[in-house]
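S.K.: Got chain A sorted already, so can you dock chains B, C and D onto it with the hints?
Going down the list, the protein sequences come from chains A, B, C and D. Heads up: the first sequence begins at 1 in the working numbering, then just goes up one per residue. Heads up: the second sequence begins at 1 in the working numbering, then just goes up one per residue. Heads up: the third sequence begins at 1 in the working numbering, then just goes up one per residue. Heads up: the fourth sequence begins at 1 in the working numbering, then just goes up one per residue.
Since the hints were derived computationally from the structure, they do not count as laboratory data. Everything numeric in this text was worked out from a predicted model, so none of it was measured. It is possible that part of the hints are untrue.
Since copy identity is lost for identical chains, a pair holds within one copy or between any two.
[Stated by the list, open to error] Below, a list of computed lysine-lysine pairs in the DSS-like style, where the Cα atoms sit at most 30 Å apart:
1) K6 x K303
2) K70 x K258
3) K13 x K201
4) K201 x K258
5) K258 x K323
6) K201 x K6
7) K15 x K194
4 protein chains.
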Amino acid sequence: MIIILKQQANETKVKALIEEIQQQGMQTHYSQGSDVTIIGLVGDTSRVDEDKLRANDVVADVRRISEPYKAANRRFHPNDTHITVGGHTIGEGFFHVMAGPCSVESEEQLCTVAQSVKRSGATFLRGGAFKPRTSPYSFQGLEADGLMLLREARRLTGLPIVTEIMSEAQLDEFADVDILQVGARNMQNFRLLKALGHTDKPVLLKRGMSATIEEWLMSAEYIMAGGNEKVILCERGVRTFETMIRNNLDISAVPLLKKQSHLPVIIDPSHAAGIAWMVEPLSRAAIAAGADGLMIEVHNNPKAALCDGAQSLNLDQFAEVMKEVQRRAAFEGKIMD
Amino acid sequence: MIIILKQQANETKVKALIEEIQQQGMQTHYSQGSDVTIIGLVGDTSRVDEDKLRANDVVADVRRISEPYKAANRRFHPNDTHITVGGHTIGEGFFHVMAGPCSVESEEQLCTVAQSVKRSGATFLRGGAFKPRTSPYSFQGLEADGLMLLREARRLTGLPIVTEIMSEAQLDEFADVDILQVGARNMQNFRLLKALGHTDKPVLLKRGMSATIEEWLMSAEYIMAGGNEKVILCERGVRTFETMIRNNLDISAVPLLKKQSHLPVIIDPSHAAGIAWMVEPLSRAAIAAGADGLMIEVHNNPKAALCDGAQSLNLDQFAEVMKEVQRRAAFEGKIMD
Amino acid sequence: MIIILKQQANETKVKALIEEIQQQGMQTHYSQGSDVTIIGLVGDTSRVDEDKLRANDVVADVRRISEPYKAANRRFHPNDTHITVGGHTIGEGFFHVMAGPCSVESEEQLCTVAQSVKRSGATFLRGGAFKPRTSPYSFQGLEADGLMLLREARRLTGLPIVTEIMSEAQLDEFADVDILQVGARNMQNFRLLKALGHTDKPVLLKRGMSATIEEWLMSAEYIMAGGNEKVILCERGVRTFETMIRNNLDISAVPLLKKQSHLPVIIDPSHAAGIAWMVEPLSRAAIAAGADGLMIEVHNNPKAALCDGAQSLNLDQFAEVMKEVQRRAAFEGKIMD
Amino acid sequence: MIIILKQQANETKVKALIEEIQQQGMQTHYSQGSDVTIIGLVGDTSRVDEDKLRANDVVADVRRISEPYKAANRRFHPNDTHITVGGHTIGEGFFHVMAGPCSVESEEQLCTVAQSVKRSGATFLRGGAFKPRTSPYSFQGLEADGLMLLREARRLTGLPIVTEIMSEAQLDEFADVDILQVGARNMQNFRLLKALGHTDKPVLLKRGMSATIEEWLMSAEYIMAGGNEKVILCERGVRTFETMIRNNLDISAVPLLKKQSHLPVIIDPSHAAGIAWMVEPLSRAAIAAGADGLMIEVHNNPKAALCDGAQSLNLDQFAEVMKEVQRRAAFEGKIMD
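In isolation and in its complexed conformation, chain A is listed as follows:
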């Protein structure tokens, strides 16, 4: 961490600042230039509060040089994290497709979709019971009944289930869900993240709509700081100025996350564009970039879907996409199992 001092900063105050830092167990390097004078901080700066330093009279600016995340950082955990769920291993070297409807609508809908995506090669069933909708007048999900239907579909197909939790008050209700999904809008719902950190459940953490990668990893850090290291990162597109699509898949996130972190990375091409025909080209790009899996929306009758129908594949389209996915995962040397 570098502290940039104001011009003509009061010497007594600068000395006091240096002593304060040293008392926190760090070394300091003072370096006076013609235009700018800086203090370098050496040691564990992950708990240093930048804002507090910035408020000091003599400080012009503060620049962090090492990353503020530790548990999620590959620098301190060089080996890839692998997470085992229902007999499947998620992480580098493996490739999984989580498929299912945006929202659970009925037993018939969910079981039809679950059996079909399983036949096509999906290894996890996704489906929303509680839905975060922009409008209070849109369908909000079947809620508790939706969770029951997910359990039923799991019993029928053996597919582990992934579904979104929206509040720490729901933890008991979600106790037997296999992977708890945190949605983009809750990426910085810190009460929820902390509560998840005290469980031992795998968490699929979606990226916030305009979050930087560092902010995203800091949200993973919230969960991991509580003791739960089973975090799967899911890129689902970021907001840009483009108007032709809903979100913009950040493909660079895959190599960047793989370098900065040891956590598994999956891509959600359905939300990343919001358009069904783009799921296939974006899936191809995701596999080539090095992702560990995909999360894809599938519906037995997209035009009657109660949410996000425009981005859902029907059963046959999904089967076609899966052939392409399998051919390409094999080309990359990934195990789909």
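M.R.: Showing chains B, C and D alone in chain A's frame:
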């Protein structure tokens, strides 16, 4: 609402679509062009699910023409909303300053600040007991003890208190808070918004970091749809590419919100820049643009603040800013009381 | 095109507006709703000025439904455009790599790089003679001498050359360049685009740093409207909030452009990230997404490069990347020739 | 400037790097930490090429601490710049309104507008002869004839004229224009900026649509590095995610520019929103924030305007806005003359 049909769309399917819309109580206007054919929907479209329409085989795109928010919409509620809290009226024609520390740190700190900002002309005391921090290693607030100190400061000064609620699970704990603040990161925490809609507490709803004005008003709509119409909108800067400041005050939001909605609009210049010396020029701009109030961070010793010290004014600086605020609110003909 | 009328719009003025539109050769459909009344315009709206309509007293808003670009639009030109340069065909079904240094620095540098990239499989030589640098104090290119060296390298290797033109005043000087590149910062330098429209030179049009796809295609339209249909689109990353990389490759642009337009699409992974090690994963993603080629920066000694060294591959790294590119282009069934 | 070294960087290479830097006349401070080792550069770093440093094998990252602009920097030029044009002084303490049509359309239109805005208190006449339009099919301006009409209107009213130059090839044609405007799309047209740097004409430099303040000041630096210090900065809104307006006025730019630079700052509220009724509230905010002037679009018949009619005020509306502007400039103690 306009539905744009695909080229050579199947006629039978188009007819089925038109009938389906008419059964929802809307009229349709069909208009065939050389390049493009459209269906216009006439009636109350606020409950029409665009996504569902988009998923229809024959639909190329859907464009909303009237706003999806109703309760928050000036079109249907032409008169300005005024909210009375602790004897003060918030809304058009009045001007209030809510001041206090980013986070409550101690009885001595909070009471010193509260008494001083009251003397300078603030009419509400702000202060965080539960703090949403980007890093799990940063100070998270005094929590329940912080709330107790806020009550104590209110008793001492008579200032009504504004403090942030982070989860619907906290509603009981916040029962005697005067204004419940929803932070930027929770603007789309729909569980929290719904729960707030079932109380009769004034809610100060901060804008999400990259939210559009429509999304923001839809979050207000979530609260209002539950029956609670006491919503105060608080602009606190949006994320842009600028690196010199933390956020970018969206000054256009003031006239836009005043036109589209009848709700009071407050500006938070402290978070909008993240730099103490910018609080004054941004406050001047906010008043001139037509805002109904300001929320300003004040600390008795900013360089020792446990959060956001860099953007906090000290007691004397705040007193100076308030003189400017009073002079300008008077120029605009606003009542500060 | 849809015109949304203001509430209680003056009837006489609305009639005048409708007549004015009909006199421009378009049909109108008038559709009155409870909340909103609209006029649909049917016919060729590409020459209709939206801004002028918006200025009309009775108009609340205008929404374009068909694209404002014609020549670049696949709707009117369903077949893929193929451009032949120096015996190579650029466009769907083919795959080309344009490689070379960011800036031409010396005969030895350029010829070493040119011969090496040719051996590795590149089919075009790129290199900047005139450099658009953010700082006036940075190296601005060898200018005319740089062009001379490019000609020399072409003579030596047979590789056609691609280099950036910055002003219409340079057209004569660039007369024998094979492909004229328009840089991101000049995407809306309309004087330059118009002038290029009156040549018969292939133009490689880079996307502006924050341009939408529609704005980009409108810039292509400027060139094509002048009669020159040889436009190659080059995606080079857009600006986002991410701080770990310089730009963010917009991978969705590939399928979107392929659907909306018939023009060839090239990816520049060097500028898209600004980091050498990311060139390979982004190239893999670009190929899988369906791009028609890559533009890659290569330097014989990146750490001594006078510009953009951090994103340049050295000769051996480029040779390695090319093996991967060839293996993957073959997998996609593309011809590299 | 701070160089962050890679972990386990080769010592010989690090020594070579340090020597290379010292040979450029700078001092270095080496500071080895447990996690991170850095080199601090002390001296004039404005000519140091960050990219070249980043390309070095042993370098992980480079962080600039002092600003890359010198001539435009208040640190080195503490006094405000004042520019005199046609007897008017532009800069701190003064306030000017530049008004006129988006594009010059006819003698009658221009002269009517010019006489009227002069009567209302404008001190400069703006008007476009060459128009940068997004579509090649939109009106492109009267070009040379437009310039002639501007001269005519100046002769008639005595108002100095401000008009946009689009290419360095036009300099002779614009020789007698009073203030040369560089449009947002040309902010990084470096050929044009360099050419303007070799004239002694005042230049009004608009901010690019997504440019940071540092990039904008670097474009000013291009002009000033050539010897022409008469640069006026004009904020005209930046691109954000907001869809209700065309651009978003960056009000923070006013205090930031006033702190970082000594150049005059004016605001264009017409382009900043793209909506006529927003010109007044944004003008109020601009004055309160400390701007040195406004540039406002005025048309005698906005609904017949050939460009940007939706954002143009008519003559009466402008007269009303000017009364408000005068009242507020007086309140701020500015001289309008």
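S.K.: Is it within, between, both, or neither for K70 and K258, if the alpha carbons may be no more than 30 Å apart?
M.R.: Answer is within: at 15 Å inside a copy they meet the 30 Å cutoff, but 40 Å across does not.
S.K.: Go through the copies and call it for K258 and K323: within, between, both or neither, with a Cα cutoff of 30 Å.
M.R.: both (26 Å within a copy, 22 Å between copies)
S.K.: Could you place K6 and K303 in one of the four classes (within, between, both, neither) given a Cα distance threshold of 30 Å?
M.R.: between (61 Å within a copy, 14 Å between copies)
S.K.: 30 Å Cα cut-off: does K13 pair with K201 within a copy, between copies, both or neither?
M.R.: neither (48 Å within a copy, 45 Å between copies)
S.K.: Using 30 Å as the alpha carbon limit, work out where K201 and K258 are close: within a copy, between copies, both or neither.
M.R.: Cα proximity of K201 and K258: one copy only (22 Å, versus 42 Å across).
S.K.: What label fits K201 with K6 when the C-alpha limit is 30 Å: within, between, both, or neither?
M.R.: neither (48 Å within a copy, 36 Å between copies)
S.K.: If the cut is 30 Å between Cα atoms, do K15 and K194 qualify within a copy, between copies, both or neither?
M.R.: neither (38 Å within a copy, 46 Å between copies)
Hint check: violations occur at hints 3, 6 and 7; the rest are consistent with the structure.
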